[in-house]
Amino acid sequence: MPEGHTIHRLARDQRRSLAGRPVRASSPQGRFAEGAARLDGAVLRRVEAWGKHLFQTYATGDVLHVHLGLIGVFRPQPSPPAPPVGLLRLRLEGGALTWDLSGPNVCAVIDPDAKAAVIARLGPDPLRPDSDPERFVQRVRRSKAPIGTLLLDQSVIAGIGNVYRAEMLWVFGIHPAREGPSISEDELRAMWRWIVDQLKVGVRRNRIVTIDPAQLGKPISRVRRGEGVAIYHQELCLRCGASIARLDVANRRIDVCLSCQT
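Going by the working numbering, the first residue of the sequence shown is number 1, and it counts up by one from there.
Note that these hints are calculated values from the structure, not bench results. A hint or two may mislead.
Unchecked claim - Below, a list of computed lysine to aspartate or glutamate pairs in the EDC-like style, where the Cα atoms sit at most 20 Å apart:
#	residue 1	residue 2
1	K200	D13
2	K200	E179
3	K144	E179
4	K144	E134
5	K200	E3
6	K144	E185
7	K200	D212
8	K144	E187
9	K200	D130
10	K115	E185
11	K115	E48
12	K200	D248
13	K115	D186
14	K115	D130
15	K144	D186
16	K200	E48
17	K144	E34
Between the sequences and the hints, there should be enough to build the whole structure, so can you do that?
Structure follows, in structure tokens:
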């Protein structure tokens, strides 16, 4: 599932290519025909991300809500676009780029109140400057759930997925089974600062890279998928050389160094 940096990158790119102009909306698949008809011809005013949720707000007051889920893709191509291929839920045309959406978990036209209700269910988003990190700190500290579960709970912190979860816990030497109250407020604040920095890197580079590419002896453009992470899907711990263990936390696999993470 795409993590928060991907959705913020989408929002940034769509603001640049679509915002401020009328948008032609269609549903080549037909499944979103009614929603596309409501958006067609409306001026796109704002595009923003909250965690893994994307919101487009139009001059009509309508809001397009998208959650990509596990297999969703929102992909640009130069305009005029090629004929639709595959099951395209939504096509948005405007300016130099056309955006094709396929396989989303959520694709709906909602009103501002419904948008506010979605946001109210979410925890603070590290990539949003209006987020309060103390909400994250206190929600973790008040819960006896494992930290490995809490980091995937979007009501605790919005936008974190399996890769950043594994990397962050490894960086701070924290076992994913530790309960929330066992982690100090100072540790949690440091974790928040780390994930803010890492998500910003993810937006800028359009990929997850949590280690210095200099350690790999190559520029970032040549770092292959999976090479830029310290522990996720790795075999040996980058810090101590021990074999990586695979545990199941929150019904998701997580890679752990049992020597470094306690």
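Each hint, compared with the structure:
{"no.": "1", "hint": "K200 <-> D13", "result": "holds (15 Å)"}
{"no.": "2", "hint": "K200 <-> E179", "result": "violated (28 Å)"}
{"no.": "3", "hint": "K144 <-> E179", "result": "holds (5 Å)"}
{"no.": "4", "hint": "K144 <-> E134", "result": "holds (17 Å)"}
{"no.": "5", "hint": "K200 <-> E3", "result": "holds (12 Å)"}
{"no.": "6", "hint": "K144 <-> E185", "result": "holds (15 Å)"}
{"no.": "7", "hint": "K200 <-> D212", "result": "holds (14 Å)"}
{"no.": "8", "hint": "K144 <-> E187", "result": "holds (16 Å)"}
{"no.": "9", "hint": "K200 <-> D130", "result": "holds (15 Å)"}
{"no.": "10", "hint": "K115 <-> E185", "result": "violated (31 Å)"}
{"no.": "11", "hint": "K115 <-> E48", "result": "holds (11 Å)"}
{"no.": "12", "hint": "K200 <-> D248", "result": "violated (28 Å)"}
{"no.": "13", "hint": "K115 <-> D186", "result": "violated (33 Å)"}
{"no.": "14", "hint": "K115 <-> D130", "result": "holds (17 Å)"}
{"no.": "15", "hint": "K144 <-> D186", "result": "holds (18 Å)"}
{"no.": "16", "hint": "K200 <-> E48", "result": "holds (15 Å)"}
{"no.": "17", "hint": "K144 <-> E34", "result": "violated (45 Å)"}
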